[in-house]
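Using our numbering, you'd call the opening residue of the sequence shown number 1 and step up by one each time.
Don't read these hints as lab results, they were simulated from the structure.
Certain hints may be false.
Said to hold, decoys possible - Simulated pairs of lysine-lysine, DSS-like, Cα-Cα distance not exceeding 27 Å: (1) K189 with K67; (2) K78 with K99; (3) K201 with K78; (4) K189 with K120; (5) K59 with K99; (6) K201 with K189; (7) K189 with K78; (8) K78 with K67; (9) K99 with K201; (10) K99 with K189; (11) K67 with K201.
As the list claims (entries may be wrong) - Okay, the calculated beta carbon distance ranges per label pair: (12) D131 with D106: 30 to 36 Å; (13) A94 with V69: 21 to 27 Å; (14) S174 with S136: 45 to 51 Å; (15) E84 with R164: 17 to 23 Å.
Glycine included, every Cβ here is placed at the ideal spot set by N, Cα and C.
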Amino acid sequence: MLDVHPPHEPVHTWKAFFIHIATIVIGLIIAVCLEQAVEYLHHRHQLHHLRSALAAELKANSEIVSKNVEAFARMRLKLNRNMELLRAAQMARAPSVLKLDYGWSDPFRIQDGTWQTAQKNGSLGLVADEDLRLYSHVYGTMDHFMSALVALNDQMEMTAAIARRSPEGSYLPSDVQDLIAATSACDGKLSWAARLLQFEKEGLSRVDGLLEH
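Build the full structure now, drawing on both the sequences and the hints.
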């Protein structure tokens, strides 16, 4: 709040009046300029802090993506092996003893705390439009990936539950048919999640140059 004080002495001439008005105007201009300068520096500090925080978060996510790629490769091998055993049992058309493995370590969760906070507190408004589109693309892909990962995890759990119908691994032809269908569903959901993971990896590589500035 800017206070404009009346002159300490009475103004008796037009010259004194205009000098007083000019003094007030100049004082107001200086105050506004100082206020804008402080706000500008504050916004620059906020933007620098946000970019640094996003850089750290996205760097961590790059490492998480690499770990998830490896986890998905191991999962693919297990599903392929299970399917080979199931197909062989299907051809036999008789009860079969199979050692199936639907266990897997949960992939690492993507980090997005900094992005979510920036969306809520409005600091994303400080980011240039072109940069914001890149950030939005990367984090949007991450969000789709996490949804696909949840769907994959649910399908894997349901398939493992079917496999547990026979703890000793002796399956009837009907069980084999159910497991083939469920394993195929796992494979499809894994393929979609893996594709999103690849999109995520490409997006992170695109944003690398942005984070270096």
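The hints, checked one at a time:
no.: 1; hint: K189 with K67; result: 18 Å, holds
no.: 2; hint: K78 with K99; result: 11 Å, holds
no.: 3; hint: K201 with K78; result: 24 Å, holds
no.: 4; hint: K189 with K120; result: 32 Å, violated
no.: 5; hint: K59 with K99; result: 40 Å, violated
no.: 6; hint: K201 with K189; result: 18 Å, holds
no.: 7; hint: K189 with K78; result: 14 Å, holds
no.: 8; hint: K78 with K67; result: 17 Å, holds
no.: 9; hint: K99 with K201; result: 35 Å, violated
no.: 10; hint: K99 with K189; result: 23 Å, holds
no.: 11; hint: K67 with K201; result: 11 Å, holds
no.: 12; hint: D131 with D106: 30 to 36 Å; result: 32 Å, holds
no.: 13; hint: A94 with V69: 21 to 27 Å; result: 39 Å, violated
no.: 14; hint: S174 with S136: 45 to 51 Å; result: 48 Å, holds
no.: 15; hint: E84 with R164: 17 to 23 Å; result: 20 Å, holds
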